[in-house]
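*Asks:* Once you've looked at the hints, dock chain H against the given chain X.
Protein chains: 2
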Amino acid sequence: MPAMTTRRTKSSRTQAARKSGTKKTRTAADARGRATKRVYYFGASKTEGRIDQKMLLGGKGANLADMTSIGLPVPPGFTITTETCAEYSRGGNRLPSGLMDEVRRNITLLERELGKKFGDRRNPLLVSVRSGAAVSMPGMMDTVLNLGLTDEVVAGLAATTGNPRFAYDAYRRLINMFGDVVMGVDHHHFEHAFNAIKSRYGVKEDTAVPEDGLKELCIAYQSVYRQHVGEPFPQDPLRQLEQAVQAVFRSWNGERAVAYRRINEIKGLVGTAVNVQAMAYGNMGEDSGTGVAFTRDPSTGENVFYGEFLVNAQGEDVVAGIRTPRPISEMEAWNATVWKQLLAVRKKLERHYRDMQDIEFTVERGRLFMLQTRTGKRNGVASVRTAVEMVRERLIDERTALKRIPAGDLVQLLLPCFSEQDKRGAEVLTRGIAASPGAASGTLAFSASEAVERTNAGESVLLIRRETSPEDVAGMHKAVGILTSTGGKTSHAAVVAVGWGKCCVVGAGDLSIDADAGTVTIHGRTFGRSDTLSIDGSTGEVIVGALPRTVPQSISGDFAQVMKWSQKYATMGVRANADTPADARRAREFGAIGIGLCRTEHMFFEADRIQAVRQMILSERLSDRETALARLLPFQRADFVGIFTAMEGLPVTVRLLDPPLHEFVPHEEAAQQSLADAAGVTLADVQRRVAQLHEANPMLGHRGCRLAVTYPEILVMQVRAIVEAAADCHADGVDARPEIMIPLVGTRRELAILRELTERTVTEVLAQRNLRKLQIPIGTMIEIPRAAVTADEIAEVAEFFSFGTNDLTQMTFGFSRDDIGSFMPAYLEKGIVEKDPFQSIDVHGVGSLVSMACAKGRAKRAKLKLGVCGEHGGDPASIRFFQKCGLDYVSCSPFRVPVARLSAAQAALG
Amino acid sequence: MPAMTTRRTKSSRTQAARKSGTKKTRTAADARGRATKRVYYFGASKTEGRIDQKMLLGGKGANLADMTSIGLPVPPGFTITTETCAEYSRGGNRLPSGLMDEVRRNITLLERELGKKFGDRRNPLLVSVRSGAAVSMPGMMDTVLNLGLTDEVVAGLAATTGNPRFAYDAYRRLINMFGDVVMGVDHHHFEHAFNAIKSRYGVKEDTAVPEDGLKELCIAYQSVYRQHVGEPFPQDPLRQLEQAVQAVFRSWNGERAVAYRRINEIKGLVGTAVNVQAMAYGNMGEDSGTGVAFTRDPSTGENVFYGEFLVNAQGEDVVAGIRTPRPISEMEAWNATVWKQLLAVRKKLERHYRDMQDIEFTVERGRLFMLQTRTGKRNGVASVRTAVEMVRERLIDERTALKRIPAGDLVQLLLPCFSEQDKRGAEVLTRGIAASPGAASGTLAFSASEAVERTNAGESVLLIRRETSPEDVAGMHKAVGILTSTGGKTSHAAVVAVGWGKCCVVGAGDLSIDADAGTVTIHGRTFGRSDTLSIDGSTGEVIVGALPRTVPQSISGDFAQVMKWSQKYATMGVRANADTPADARRAREFGAIGIGLCRTEHMFFEADRIQAVRQMILSERLSDRETALARLLPFQRADFVGIFTAMEGLPVTVRLLDPPLHEFVPHEEAAQQSLADAAGVTLADVQRRVAQLHEANPMLGHRGCRLAVTYPEILVMQVRAIVEAAADCHADGVDARPEIMIPLVGTRRELAILRELTERTVTEVLAQRNLRKLQIPIGTMIEIPRAAVTADEIAEVAEFFSFGTNDLTQMTFGFSRDDIGSFMPAYLEKGIVEKDPFQSIDVHGVGSLVSMACAKGRAKRAKLKLGVCGEHGGDPASIRFFQKCGLDYVSCSPFRVPVARLSAAQAALG
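As given, the protein sequences belong to chains X and H, one line each in that order.
Just so you know, we're using this note's numbering here: the first sequence kicks off at 52 and counts up by one.
Just so you know, we're using this note's numbering here: the second sequence kicks off at 52 and counts up by one.
These aren't lab readings, by the way, just hints derived from the structure by calculation.
From a predicted model like this one, the values you see are computed outputs, not experimental measurements.
Each residue gets a CB set at the ideal place from its N, CA and C atoms; glycine is no exception.
Please note that a few of the clues may not be correct.
[Stated by the list, open to error] In silico negatives: residues of chain H with every beta carbon more than 12 Å from chain X:
no., residue
1, Ile121
2, Asp582
3, Arg837
[What the hints assert, rightly or not] Okay, derived cross-link-like pairs now, DSSO-like style, lysine-lysine, Cα gap no bigger than 27 Å in a straight line:
no., chain 1, residue 1, chain 2, residue 2
4, H, Lys914, X, Lys318
5, X, Lys907, H, Lys935
6, H, Lys619, H, Lys935
7, H, Lys167, H, Lys88
8, X, Lys907, H, Lys168
9, X, Lys907, H, Lys88
With the rest of the complex left out, here is chain X (with noise of 0.2 Å):
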């Protein structure tokens, strides 16, 4: 798939570099074994690259020679290799004797074939240079386009074309251009001379200047030139096309790129190449023109050739959209040829790269020449249909089919979304962070309980809140989407939202909430809750008034094919984290084998049981602490009968309580008082409770298993729960499949305690009811790094282990996911993290330990089942991590699982 590597991340770009670095020898001895050829030429006379060429041609380079072969109509040129950029370095900064005499003949190629003439007044052939390494490099030359254009040459231009304007206008960008890039002329200089000029014919935008003041403009950059360069602009196109080429040369030493080189450790390149290509105009007439066109439509998938078209016009003029360009379906009736020959590229291009491609082209008079090519970016729907299509049309096989389908965007088939269409011209106010997608437009509601009072009463709701805590759930629940101005991804708002498919943003930093008084003001402007706004959770867009909704498709058609295919493919299997037999029944509908995460915490929130959480925490002693549990336990039952009858036959991972107790007590004085007095005792002995409880770093504190250890009558309410739940489902003839999982473990002996007093509640509550047969596995999560370093003392005790990255991730890297906000955006800027490590596994450090808790854990027990539930088990590239770990499965959230199930099988596919 040559074509991909035009759409390279960074980090494969740099592993193809260091993977050069030992092909650069074989290069060098080769092109000193033989006589120095140092131009190689790409046209319809020949073409002397290849795609494998990286190294000596630079990436621009092998993929123009690439296009160029399979008989594209490229503008012809030829490129200058990277092994004459280090002769020039070694050389002392010179070109090396024969090169320009070499450069010459290629002109001349080019000449040829293009019927024009370097230099020439009436038919000039005009060239671009560009620099190109075999790795792309900021700091290295920009582009020079025009070249060729001399006094002369112009007015001859200026002639033939019968266009001044146009002829004008590309020799001042030329000598700007060829001033500050080759020359090192400040562009403030050439801005300053320009700015002159427009005042001067008192116009503001350049597109206004006429003809004369673009000549005038000519005059002026040139004196510009010959006052810092200290020599006149060179009128000798040969000229100035060494000058460039040294230029380029000189810029691959250069300060900015020696440094890019250095910290990013690109090493075993010798140079970089010069690529220098025929200028194609379309807009030399009604003859000429311009355009971008999909080989498939990118927003439906449809098999039809999808795109537009300009007349007389540059390809900046279609992007500006300044004109309304045309269908491309309208181009038969302006040049029959050149459409006929376009629909030939389209065809060449879906056989050749086997992939829907955007391309680019000119017409210059009459004269089709395709600028760029690469694949289409398409959005979800249109990546399942062409790719199942293309199967159809054996193009490609399904492996191939399942490889190219972005897995994140299947949830784009899943959610309600709005359509591009109806967002053009929406009003959009800020953006957030898009944390989970979907679209959603309500009325706006600042607390939890306004949301769930006017939900009831009839009301769309939005959400709106600086941050979410588990006290706001009830609320969350009931709004069509949540809205906030802090947290990232991996806030509780945006953990929350993502579990149960609900539009959510956060983050979004604009805005100004002042919820006593009910309003939130967004850049000076201030809605109130009457109000409408709209969320795009996958934009993270905050939008004035109400938008259409696209309705989500469900899993049928071809997205049922791809699903199928997935699971023919897949060796790891796709559970899903859900905690109400709700989420579990459409996580099974979505191709959920079990469920990998069932968080008990979640239930404690339900009013009819926060009362008796909030008292057993308040309990000084044991027994009043059992008594409130007491109460607690016959909801736990029954919440767990729900979720094992909805997931009969597949297992479902229950995790015991894990968040610390002071996310339980109401912080509000009101909340306070009225515990106070449910609970018989003084506002000041809830306080003093609550004042306990605060912790300097919660994320580090009294939670997960370390409460089992300080109240093992916790673990045993929940345990006898679970147990008894799955013994009221058998004798309903329902056949539950719990398993139990231990948070938090550190050390091996904190799970092996724990592990014996659950055992010992399983026996005794089986032993009650007579259901001696049921195996219930006790595992654990491995979330904290002593855990993974320790895991095979732990395996000795765990018939599982689970990976909970998130907190994993919060403790590899010292990162509180709450904030993180502060500094993560410079991280990312500065590439110190490639991705938000939260989204997307670390596989270096945080997966090293996952890896290593593997090896370690199955060395102890071979059948120690392995599998992850945090954020990441929805994420493919973590995905793709997992398998390579030998993982049995991921969970992650039910709208998740089609996504984890067509990464487990692109993992599986390699």
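*Replies:* Chain H in isolation, oriented as in the chain X frame:
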């Protein structure tokens, strides 16, 4: 060192048990190979066991054999082997045939040796029966004393001794113990009978029951026994013995013992041994007695025999303190023969064990019996003196001397303390956590500013706070001691106090502090500003009133000798953590060879700087921050000049700013207002910024090098200050050797970017000062798990690693050191962690990350310098581990430097 076995920690015991698993088979084979010998005698006539036969004879049995075989007059007896216990279990809980014959033969040997007879009325042999496995194990059978008494024997004994009280008291104890321990009669039944007798005689104390009462008690006990056992108390001594032996064997497979072995993973043991030993009584008349003694003075180390004895008394009388014992020197007058014997024993013991011994002895009718000997406990002063003098006496060599001194006890030689004598009679109010040794008495100050003011006014004040924060540092420094009601050994108060060698007690949970009122209430008693309290930083005691303090020694005499030897044998260097010239000088005095951690933030809190720091934090624009930083620069530079000068010629590792910025901003409104006034902003602005800086988990937040990534200007200012200070020093002929340490690094690129900025700044300043030759190594702390895991990459850009084991422990365990108070006690109690991992490194988990990082780092950079600067750098056990990792140095607070130096020597000696 056989005696050492009795002092083993649980962990070494467990190890012994594991090792012994391999021996088991061999021993079993031995036993099967020969005619099975089941009983091993120890006594004057012969001693069949050896110290190395723990697997066969159990720990206690082997020790009794050892003491006997060196000629100590141990009450003779015999040991029934652990193999016999295994036979008993295999045979369906039946004693092997022939065993009781062998027992009888050994009883005959005993009778001959002691001239007493088992079951005899006039001169009966009485024995104790004790269990004893190779590993000490709770849950096994308790001791039975006085076995051999019957109705007949007791009457005879009463007559022969002329001491019926003694005889009947012994008998009632036997019936009780035998009933309870051997036959499982609940103890409270006996107690009930005893209470009936006591109330009949109208007495309250057991000892007040008259002779007749004791006789009645024996009858009553026998009736209790008969009632619950179903048969009369056995009147045949051999039957008693047989039943007791069976009970011991039975207890091996009892529920408690089995559970204990399972939980503690004690494997490879076949059973328990039974020790039958003649009783010896010191209360048989005026020719009998008992005493305890040390072979040298344990409080000074002086080579004098030191102890006490009581005539006609049992061991427990000495301990109970009812009668006043006589000094051991008066024994000669009482019984010159026994005195001479005892002196011979003293000499023999020191020759045999080559260490000071703590002995217990009994004289029964003029005959000396040694009941126990063990290594004598001693304080730091005595440790040092004994060790040095024993080398002079050629009892031990230098190596042994060094290995024997508990390194941690050396702090006692440097810090003031309350002597045990002075504390006698003192009123201890409560006990907190002993955080920083020393002793302090003072009136109470409830805020840092109050502590400063009142100290400046000439008072000695104790600072009492719930907890301390960096804002309190000035007051903490002024106070004579610090007392907090929350926090642990690594809380802010503790860490800062240890650094200064200032007395500190933390986590005194009984304190109820009302800072506004200026009172503290402890168990209902309230103390105010004018009251004086004392705290003992070595015990955690909080005491009413002032106590005299013992003045510290300097490093001279024997102490200096120990330090000299340490230097000779240690291979790791010892640096100090010091932030001020005074600390640096003290560290140097104590032998530090550099500063391993100079925390620049401590300098930020000084009154003349904090305003600039706060303005810097408030600034929203870079230029404002730079202005504020420019104001700070001269202060920082001057600080560094002071420290570099104090450490002339030695390396000083300066850590760049580490704590989160919110630690520097005021949290009280008044202070916020004054900051607002100074900065020319509103109170609301300040409060908004303070709120913005708030973090959910500051430990995992925006701190360390993350600050330098987002505010590079802070790094630049600090580096500039360091380099300018070094330049100033060199200009004055002072050889300054700074090293720059970047904290909290998690990824290679993070360090690479900051290193580049650091290097650029260093180069710039050196060029300005024309001082190009100065080499300033740049390194990082390894304190984030990810850094340890990816240490190979990080080593590419670091010249040294310094392990920040405090934070590394926090993140590896997921323990916030501020919050572990709620569960750490339970964790220690349940053995989930053996020691507080913040005090002594968790070798298995955190340690394995440290050793991994060392190996990975050195693999990439062979000359990578490795050190540690967490609290563990001053902990002997941790230092032993660091030696194994191959660290170049440890760094600790100045007062721990001697401890670390000795520990390093011990570690090197293995």
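*Asks:* For every hint, state whether the structure bears it out.
*Replies:* Evaluation of the provided hints:
no.	hint	verdict
1	Ile121	40 Å, holds
2	Asp582	25 Å, holds
3	Arg837	4 Å, violated
4	H:Lys914 x X:Lys318	24 Å, holds
5	X:Lys907 x H:Lys935	23 Å, holds
6	H:Lys619 x H:Lys935	18 Å, holds
7	H:Lys167 x H:Lys88	25 Å, holds
8	X:Lys907 x H:Lys168	62 Å, violated
9	X:Lys907 x H:Lys88	45 Å, violated
Checked against the numbered hints given earlier, the structure breaks hints 3, 8 and 9 and satisfies all the rest.
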